[in-house]
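A.B. asks: Chains A and B, in that order, are what the protein sequence lines are. Mind the numbering: the first sequence is residues 896 to 1062 in the numbering used here, read in order. Mind the numbering: the second sequence is residues 15 to 125 in the numbering used here, read in order.
One thing to keep in mind: the hints can contain errors.
Quick list of the computed label-pair ranges, beta carbon to beta carbon [unchecked claim]:
| hint | chain 1 | residue 1 | chain 2 | residue 2 | range |
| --- | --- | --- | --- | --- | --- |
| 1 | B | S77 | A | L964 | 26 to 34 Å |
| 2 | B | N118 | A | A919 | 38 to 46 Å |
| 3 | A | Q900 | B | T78 | 44 to 52 Å |
Reference listing, derived: stretches of chain A covered by chain B, where coverage requires no fewer than 3 residues with Cβ under 8 Å from a Cβ of chain B [what the hints assert, rightly or not]:
| hint | region |
| --- | --- |
| 4 | 927-934 |
| 5 | 947-956 |
| 6 | 962-968 |
| 7 | 986-1000 |
Partner residues are not named here, just some residues of chain A that face chain B (Cβ under 7 Å, in silico) [said to hold, decoys possible]:
| hint | residue |
| --- | --- |
| 8 | A914 |
| 9 | M916 |
| 10 | I1026 |
Hints were generated in silico from the structure; no laboratory data involved. In this text, a Cβ means the ideal position worked out from N, Cα and C, and glycines have one as well.
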Amino acid sequence: MGIIQFLFWFLSAIALTGAIMVLASKNPVHSVLWLIVVFFAISGHYVLLNAQFLAIVNLIVYAGAIMVLFLFVIMLMNLSVVIETRKNLWMKFAGIVSGGILFLIMISVVRSSADMVNRTAQLKEGNIGLIQTLGKVLFTEYVVPFEISSVLFLSAMVGAVVIGKKD
Amino acid sequence: MPIQYYITLAACLFCIGIVGVLVRRNAIIIFMCIELMLNAVNLLLVAFSKMYHGAAFAHDATSTTGIDGQLFVFFIMVVAAAEVSVGLAVIVMMYRNVHSVDVNFLNRLKN
């Protein structure tokens, strides 16, 4: 097993453990911290796939900005004390069973599709993930969606202020 | 790396996110599980982009096949950031009104 395979399995194990711990931990602050672990593992996968721009953006935007926002809101609400809610075991059981059934269907589709046999994702080489190539395409072909997303950001910012304002 | 491994990993993360949305009652954790699902899809898009690029790379080293997938990931991140800012504002307002983020209390539309 080469170093690439080892890194793949290692990062996958970290991502899955973190994702399960997001659900399992009672304290919302711990959930946020485990979700940051998941984002770091996914960024590691992006580096492995040589998508360096997305790896850095994932770290800055998700692990840096969005998760700080979550943490900030949780601390604002003082939710770190565990709130005792009504326990409905049947609903939990039904949720886990339906999620598991969906997972089994997806896995069986992946295993039985003839399209995906012998297709490999290219690792380490290929320069489409670099900022130079992505930026060229982003500012020529995709310049209109880029500008529209700036308008979206502005409206989201104004909307957040308007919704959160004490009236 | 075979593409099935990446699809399986993304499906695992996506299903964990779905189970989280169905099982947990805390609105903030439901929101975080939605972020988890978005990230699973992002990982899958990058893997497919590198799959198609790898097929074209064998013939022509300067081709940019598959670059669209990575740009879609970029736009998904942009939309997710906007969504988080508005959604957290909604959750804060909900907490101010009912002093709880438990979604079990939000069944007022029933009556």
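A.B. asks: Name the hints, by number, that the structure is in violation of.
C.D. replies: 1, 2, 3, 9, 10
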